[in-house]
Amino acid sequence: MGLFDKFRAQPRWKHSNPATRTAAVEELPLDQQDTLVAIAREDRDPGVRIAALRKVLSPTVIAEVGGQDADHRVREEATTLLLDLAIGAFEGTEQGECLAALAGLTDPKHLLTVARTAANDIVARAALDRLQDPGALGSVARKAGHAGVRLEAVARLDDAHELAAVALRSEFKDATIAAVERLSDRVVLEDIAARAKNKTAAKRARALVRAIDEAAATKAAAEAAALEPILAEEARRREAALAACRRLERLPSSGLDDGEALLAEIDRAWVQLAGAVDQELAARFAAARPAAEEAIARQFEERAERTRAFQAIAEGVSARRGICEQIDGFAGDQTMAQLGESRAAWAALEPLDDAAESARWQQRFDDACRACEARHRALVRQRESRERAEQICGEIERLAGHAFFPQARGEWQALRRGWNQITATGFDDQALHGRFTEADTRLQQLETEARERRARAQQENLERLEKLCAEVEGLAAAETLTLKAGERATREIRAALDDKAPLPARQDHERIDARLEAVLAALAPRMKELRELDEWQRWANAGVQEELCQKVEALMQVEDLGVAAKQLRDLQAQWKQVAIAPRDQSQVLWNRFKAATDAARARCDVYYAQQAEQQAAHQARKEALCQQAEALSGSSDWIRTAEAIKALQAEWKIVGPAPRAQEKALWDRFHAACDAFFTRRRDDLQSRKELWAGNLARKEALCAQAEAVAETTEWQKGIEEIKRLQAEWKEIGPVRKAKADVVWARFRAACDHFFERYQQRDQVATTSVLTEADAVLTELEALAPAEAAAAPEAVESPEAVGAKVAALRRRWASVIAALPRDRAMRMGERFTRGLARAVEACPAAFAGTDLDPEAAVRAMEELCVQVERLLEPETQAPAEDEGGSPATLLARQLREALATNTIAGRPDEGNKWKVASEQVRQAQAAWKRIGPAPEAVTRALNARFQRACARFTEQRDAQRRGIGAGR
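Offset between the sequence shown (1-based) and my numbering: plus 19.
Read the hints as simulated data drawn from the structure, not as lab findings.
There are no misleading hints in this set.
Listed below are the simulated EDC-like cross-link pairs for lysine to aspartate or glutamate, each with C-alpha atoms no more than 16 Å apart in a straight line:
hint: 1; residue 1: K749; residue 2: E719
hint: 2; residue 1: K486; residue 2: E536
hint: 3; residue 1: K222; residue 2: D210
hint: 4; residue 1: K33; residue 2: E46
hint: 5; residue 1: K585; residue 2: D617
hint: 6; residue 1: K519; residue 2: E485
hint: 7; residue 1: K933; residue 2: E973
hint: 8; residue 1: K486; residue 2: D527
hint: 9; residue 1: K756; residue 2: E719
hint: 10; residue 1: K33; residue 2: E61
hint: 11; residue 1: K672; residue 2: E642
hint: 12; residue 1: K74; residue 2: E45
hint: 13; residue 1: K931; residue 2: E95
hint: 14; residue 1: K758; residue 2: E719
hint: 15; residue 1: K216; residue 2: E190
hint: 16; residue 1: K216; residue 2: D193
hint: 17; residue 1: K218; residue 2: E200
hint: 18; residue 1: K128; residue 2: D103
hint: 19; residue 1: K665; residue 2: D694
hint: 20; residue 1: K74; residue 2: D53
hint: 21; residue 1: K823; residue 2: E798
hint: 22; residue 1: K947; residue 2: E881
hint: 23; residue 1: K486; residue 2: E511
hint: 24; residue 1: K947; residue 2: D871
hint: 25; residue 1: K742; residue 2: E726
hint: 26; residue 1: K613; residue 2: D589
hint: 27; residue 1: K570; residue 2: D589
hint: 28; residue 1: K933; residue 2: D90
hint: 29; residue 1: K222; residue 2: D193
hint: 30; residue 1: K736; residue 2: E726
hint: 31; residue 1: K547; residue 2: E498
hint: 32; residue 1: K947; residue 2: E848
hint: 33; residue 1: K758; residue 2: E709
hint: 34; residue 1: K128; residue 2: D152
hint: 35; residue 1: K33; residue 2: D53
hint: 36; residue 1: K933; residue 2: E95
hint: 37; residue 1: K222; residue 2: E190
hint: 38; residue 1: K672; residue 2: E682
hint: 39; residue 1: K547; residue 2: E506
These numbers were taken from a predicted model, which means no experiment stands behind them.
Working from the sequences, and respecting the hints, build out all of it.
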């Protein structure tokens, strides 16, 4: 390039000054990726290439540029960017981009970092798959953020030392448990049980140690059990031989009742042990046997002597026992005679040698004699008591058979007293006692029944009289009292007063009598008036009856028999209304009226016969109509049958009346047949309506399901569900015509809507995500509107604001990953601004959280101080003046060119600047993670931080250029 070519118009990122190019690159928008990639590949200044590389979005390009760049700083920056992309440090990074960034990393340390800290578990697993070093696998197993990654790392570990380290130092329960399960060394497990950070792992290690100890104990027990039968058999034989010797030695000093049998048993036991007994026990057994035989012989002699003495005593005792037992058995009338004979036999016995035994049997004999005499006296008393008891039982049974209470109560109580006297003497005959108890119970029942009957009768009398009192009192107070009713009430009152029926209490008698007498006194004057009125009424009726007799007699002159019959019925009805007449004229007038009506009825019989013939014809026609209606009542042809029955009903109305006796029965029969049909039709219609309603409900349910499925985004599942609903729709029966088209149109619309959305599913997915994201942003911005006038009137509490913001952040995290990267970045900036305004509007809601504005400000200040400490003291550079003459600009550009090509430089401090660059990069990453803070504060701090970073970059680039020039 010529000297004057530099003055031509060109982009700032092509400026000769690296700082200008760096600033221009930082101002380039992200959508100019081709330009940024070209700068990152081709710019001659590493600082400019680094600035461009930081804005490249493609991980593949970053890896390619970093792998091909000759400058180690560019390679380090590319590696750093790939590492940040792989672990998901940038918000909105997709999984594919993370995997692509991971593919560009080759350093095992970087792979270890991704496996441990990647936000996406699939990326972390991919990084883990590329690790082979046991130490790295152990580190992932201990510290990875995803449980699946930790468990997979543990599964790949074969080094027992690393497994033990995972179990000891990891704080995650799943990894420590998995590591412990793969260890079998007891010493290692004991160490884990004592020092593991995770208590669950320590508990599991202790359980495995116990299991190992139990397995060892089981094995030792099995080995001991194999030798136990042999040792036990030897011990048993020696113990048996020793027991035989001891038994033989104890035989002379113990009871020898079975000495020979015991000796024989000991010999048999010893023979069975022959050959298995040591010499000491054999000599011991041989020495003890003669003493045992001698003791047995001596025992035989002593036993024979004792037997002879005992036999003599036994014979005397047997005779005495026999006499005593005979006396104990004496009973009946001969008891005293038998007792005398027994006493004589006792006196004739030989005395016993044993004085104590003799005295004991003498006492036994005396007791038996006294008991025998007492039994005889008791027998006599028992016989007398039995006779009296039988007499009482007979009398009480007789009384129980026909007793009338309360008359029989005195006799019954006397018999009970007699029975109690007998039982007090000790009489206890169960049969007689049962007879008496049964009769006594029967008498108690009879007395109870009589008492209950008497009480019921008294209560019934009281209720009857109270009812009578209420009736006659109401009658006496009634304005419509008739003579007949008053006379009947008077008779009933007088009968009740004369009867004196028993009542429950004397007060009841007095109260009832007082009420009846009061009613009787009240009725007397009214009855007198009614009798006088009755006499007058009878006199008035006599004149009316005279007129009725004349009218009936005049019917003989009426030519129209129908009119005569009707008038006759009316006159008879009028006669019933005036039937009472004076007693001296009543019979005469009635005989006259009856004779006249009989004569008139004889003339009307012809008319009645004609009426009967017509009514018979009407009856026949109505019976035919009933038969037709009954024949149609079982039909299911609802429309035609209903018309036919309506025609029959119309004809029924035209037909005249049938005989009165059959008219109601015919009408009931016809009405029942019609009702049967219309009831069946109504029930059938109701059942069909229920069926239609059920089908409609099922179809509406299918419509609701289809409408719910129509909005789903799970397309395959939605297709299967729609097909299932369509198949189920075909199986459902019909519905009412008025609603069939409506419900079908609703179902069809839901299905069509789903398939239309299915054809546009890609656009629907993006639209739904964008809608959700926009809704989140709208809600967030509504918490702190940009304009004060738009602020909501109701101020929410800080707790409510904090809860809403937390919920919105969770929703934002779920939708941002599904957005395209460019859209996600633009909407992410809007979300950040809205979040900052919400925090600024209500800082108290976020105190103590990751959005605490005060904590954010402190963190910003700390990061500013941290970066500023890394800066070297620098001289004030002259401000760049874009103005001036061309000569001035040319001179400045020449100075820049000379500065770029200078040979002077500082000593090599590469490692120092490398460490400082890493610290600045970490500070920049931490700055991005800081939550929002008040804009007035953050603007100044952000400018301060950016200036510090820019100054550091300039110093570092200048240092590198100086180093390069020195080389």
